[in-house]
Amino acid sequence: MRKINECIIHCTAINKDLSIEDIRKMHVGQGWDDCGYHYLVRHSGTIEVGRPLWIMGAHCRGHNKNSIGIAFNGLNEFYEEQFQSAASLIFDLQQIFGDLKISPHNKYSNKRCPVFDVSIIKGLIDGMEKLRTSYME
Numbered sequence: 155m156r157k158i159n160e161c162i163i164h165c166t167a168i169n170k171d172l173s174i175e176d177i178r179k180m181h182v183g184q185g186w187d188d189c190g191y192h193y194l195v196r197h198s199g200t201i202e203v204g205r206p207l208w209i210m211g212a213h214c215r216g217h218n219k220n221s222i223g224i225a226f227n228g229l230n231e232f233y234e235e236q237f238q239s240a241a242s243l244i245f246d247l248q249q250i251f252g253d254l255k256i257s258p259h260n261k262y263s264n265k266r267c268p269v270f271d272v273s274i275i276k277g278l279i280d281g282m283e284k285l286r287t288s289y290m291e
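By this note's numbering, the letter at position 92 of the sequence shown is numbered 246, and the numbering carries on one by one without gaps.
For the record, the hints were derived by calculation from the structure and aren't laboratory data.
Some hints here could point you the wrong way.
What the hints assert, rightly or not - As a list, the in silico DSS-like pairs of lysine-lysine whose alpha-carbon atoms are at most 27 Å apart:
(1) K276 / K179
(2) K261 / K170
(3) K284 / K219
(4) K170 / K276
(5) K255 / K265
(6) K284 / K265
(7) K261 / K219
(8) K157 / K255
(9) K255 / K219
(10) K284 / K179
(11) K170 / K284
(12) K219 / K276
(13) K219 / K179
(14) K170 / K157
Said to hold, decoys possible - Using C-beta positions, here's what the derived DEER-type ranges look like:
(15) D187 / E234: 32 to 38 Å
(16) I250 / L285: 31 to 37 Å
(17) E231 / M155: 18 to 24 Å
Note that CB positions come from ideal geometry on N, CA and C, so glycine has one too.
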């Protein structure tokens, strides 16, 4: 397994609730091997798997080698279910890979993606960690 130390958060920039297969068709249509993201968070909060984790993503130029790409469906409208599900996913991934840096795609590119503050996700994960810690004591 490749070394993973970061989750990079994206948005699809389309308000339509796309499936991972829709994204895959778009990316393959652009000449890519597969979907560039590892996970897609749909409007309902359902998580769909794109590219397998052991394969480097194609979601953030220069930062794919050690990262996981997570895309939220949406342009400027996102749902509480999406944030809750993404936080749960990253919390679970941290149990496998250790502490993961959570970064917005726009930190590394000249894009607005995502158009929300990823600290929302970090706050939810912190709450999960506190709950887990208090349960373990």
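Now the hints, each set against the structure:
| no. | hint | in the structure |
| --- | --- | --- |
| 1 | K276 / K179 | 31 Å, violated |
| 2 | K261 / K170 | 25 Å, holds |
| 3 | K284 / K219 | 30 Å, violated |
| 4 | K170 / K276 | 25 Å, holds |
| 5 | K255 / K265 | 20 Å, holds |
| 6 | K284 / K265 | 33 Å, violated |
| 7 | K261 / K219 | 16 Å, holds |
| 8 | K157 / K255 | 13 Å, holds |
| 9 | K255 / K219 | 14 Å, holds |
| 10 | K284 / K179 | 40 Å, violated |
| 11 | K170 / K284 | 35 Å, violated |
| 12 | K219 / K276 | 22 Å, holds |
| 13 | K219 / K179 | 23 Å, holds |
| 14 | K170 / K157 | 33 Å, violated |
| 15 | D187 / E234: 32 to 38 Å | 34 Å, holds |
| 16 | I250 / L285: 31 to 37 Å | 19 Å, violated |
| 17 | E231 / M155: 18 to 24 Å | 35 Å, violated |
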